[in-house]
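Peer 1: Listed here are the chains, written in short residue letters.
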Amino acid sequence: MTDVPMTDVNPSTAKDPATDASTAVVTQPPAAPPTPTPTLPSLPSALSTRTVLLLGVALALAAVNPSHSASRGPAGWLLLVAAVAAAIWAAPAVTRRPTSDTILWISRLIRHRNTAFAVACTVLAAFSDPAIWLTAVDAALLLAYLLAVDAFAAGPIGARQLRGDIAPLASAAASAIVLLGAQAPVNPGAVWGRIVAALAVAAAASAAGAALWLRQTRTGISERDGLIRFDWRRLRDKPRHL
Amino acid sequence: MSLRSAIRPHSAGSPHDSAVTPTDAVRRALGDPETASGPAEPPPAPAPGWRLTERALRLSSVALTAAALALITGHAWLLALAAGPAVLLALGSPGGTRPTRVGARANVEPRRCFEGEPITARIDLAFDGLVGWIDPGIAPGPGLELTDVTIAGPVVTLVFTARRWGRWSLGTADVDLHDVGGLRRRTVRVELGDVDIYPLPAESGLTPIPTRLPNRLGEHTARQTGDGFEFAGVRPYAWGDRQRRIHWPSTTRRGEIQITQYAAERATDAVVLLDAFGDLLDPASGRSTLDDSVRAAAGITRAYLRSHDRVGMVSVGGKLRWLQPGTGGGYLYRIVETVLEVRRDLGFHTPDLDRVPAPALPHGALVYAITPLADERILDVLRDLAERGNPVVVVEIPTGGPRVSPQDDSAQVALRLWRLDREALRFSLVERGMPVVVWDGAGELDLVLAPLLRTGVRGRSR
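These protein sequence lines map, in sequence, to chains A and B.
Residue numbers for the first sequence, in my numbering: 1 to 242.
Residue numbers for the second sequence, in my numbering: 1001 to 1462.
Just chain A, with the same shape it has in the complex (with noise of 0.2 Å):
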């Protein structure tokens, strides 16, 4: 039997088991069943692999602005067959289980492909000088594209994050509300109006999270969420191995 001894992730924010209840529990007696298994959200029927691979290549058709490449002659019909191309490779979602098990660039840069296809996509999509409607259509596609490979990648927080309303509908929302502010018209001398304008978007975010980070820790999560808790209030001794 092999026991991993029980260890303190963050020093400075451990208990004292004497004033912590959780840790107080744990010393009463012997061992029950561990909690009941959480059913895992299932992905949605339409969303497949070949599904994320089109909306990858959507996305970096729509990143390289497609009627202005093709308006460039030979380089831009090759830009747009290499855009085509990458993403036919970089862009189905990478299911491998991470493991840092290589120092290589390019070993690195296979693993990461995803991360690589969605940050190229935006660093073109900025430089391709789109029309208004297409900065939104970037924008939804670069959204889709990291929830269905979340959905893919990430498990069953992806899944579940998939399934529920609030995350697509946050997002959307945020990047619908910053386009839409994006199009006010700004004065063209003025270079404090673009960092004003970057420093409201920031401070809006981060009251955003403040506000979600507060409602999460006090509405508290539960199984009925798919989230794994042992369970301390079950056990009547400590376990060995902890």
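Please note that the accuracy of each hint is not assured.
[To be verified] Looking from chain A toward chain B, a few residues come up when the C-beta cut is under 10 Å (computed):
(1) 51
(2) 58
(3) 61
(4) 67
(5) 116
(6) 130
(7) 138
(8) 140
(9) 170
(10) 173
(11) 176
(12) 179
(13) 182
(14) 183
Think of the hints as simulated: they come from the structure by calculation, not from any bench.
Quantities reported herein were computed from a predicted structural model and do not represent experimental measurements.
C-beta atoms are modelled at their ideal positions from N, C-alpha and C, and glycine is treated no differently.
Given the coordinates of chain A, assemble chain B onto it according to the supplied hints.
Peer 2: Then chain B, alone, in the frame of chain A:
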């Protein structure tokens, strides 16, 4: 595991034949497909503490890149690309639910089994707070195949199938605990310990005996007369003979009282000599000579132990190992455990049988030399045994002939010469009084041992 299950016959074909289609969970736990089929090196130690997950890295990279580009290019709409991932990151914040203490305990059952049997490892995780996803990664040891992964609450159950005999490390489990939002993960490493996988004995029930048996009661019919049940002949009556042993047909025919004689029933000593000088793979079938040798040794050992004989073991190659002859059902396990580690220390020095104590190689004991006859040193050992006077039976495990092109005439001639050389080698052993039988590992061992029952195995007299 019981002796009853241990002595079940080894069916045709090896345990490697049964392929199991891995599930998605198994494939994910094994990681790279290359590591799933063969023995895996233990992965490097995981980083301590919590670290970013792929999801957090992906969302934060996109958000930061979009925000930075917005500031650099002055396109405010790029902030919309950052807003979505930023909100997802904010929603994934675990708050105060991230565990601060984690622990794990592994319980493996059984630690000893035979090839083909399942081994279950249960990993109990303990943590405070909440965890959103438990993601195990397994590096199974050699000789083992991960066949199932089940996660039920904080319990991870791994099912391995023992594929190859030996004393193996079961492997290492790196269990990733993801926080509620999947933004950070922490890895708990659990060492699963060692397991002993016993070889499946080859099917064998025949027990050839030497011409001279030791003076010990047993189940084999000896040439000497004694108190057994086998009819051995008649002789004239002598004073003191029992009346019930009078052989009336001979008495009436010869006109004087004749007494029935019975053969004595003796036990024998058998010593299995295992050639562990090397492990050769048959290029055609992929079978390992060492695997087949150990299965043959286990089969012979089991057959003699069933006849209540004493069986010993000497393995040459690498470290010289021996176990002096003994009897009893549990002795099979002792003998098998003696050879479990021969694969680990295959060596290159010639063993000296003089180092084997006399009780481990009794005079007159029948020696089964199980060898592929591929190493010159085993011939020295066999010669040494013959000079000691022990009756020796050579059980050859064929290595498979070299593959040559049918169009290559010179290669065909070379192959023929190679086969003739093998025939000459076998003939020289037979000439020295050591019968050679060939067992390819697939059929029944009894079929190749049956010719030895016609007459006792003769040893070379000193």
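Peer 1: Give a verdict on every hint.
Peer 2: Status of the hints after comparison with the structure:
1. 51: Constraint on residue 51 of chain A not satisfied, violated at 18 Å.
2. 58: With a closest approach of 15 Å, the residue 58 of chain A hint is violated.
3. 61: 16 Å, violated
4. 67: With a minimum Cβ separation of about 17 Å from chain B (threshold 10 Å), the hint on residue 67 of chain A is violated.
5. 116: For residue 116 of chain A, the interface hint holds, since the closest Cβ of chain B sits about 8 Å away, which is under 10 Å.
6. 130: 8 Å, holds
7. 138: 7 Å, holds
8. 140: 9 Å, holds
9. 170: 5 Å, holds
10. 173: 8 Å, holds
11. 176: 8 Å, holds
12. 179: With a closest approach of 4 Å, the residue 179 of chain A hint holds.
13. 182: Constraint on residue 182 of chain A satisfied, holds at 4 Å.
14. 183: At about 7 Å, which falls below the 10 Å cut-off, the nearest Cβ of chain B leaves the hint on residue 183 of chain A intact, so it holds.
Hint check: violations occur at hints 1, 2, 3 and 4; the rest are consistent with the structure.
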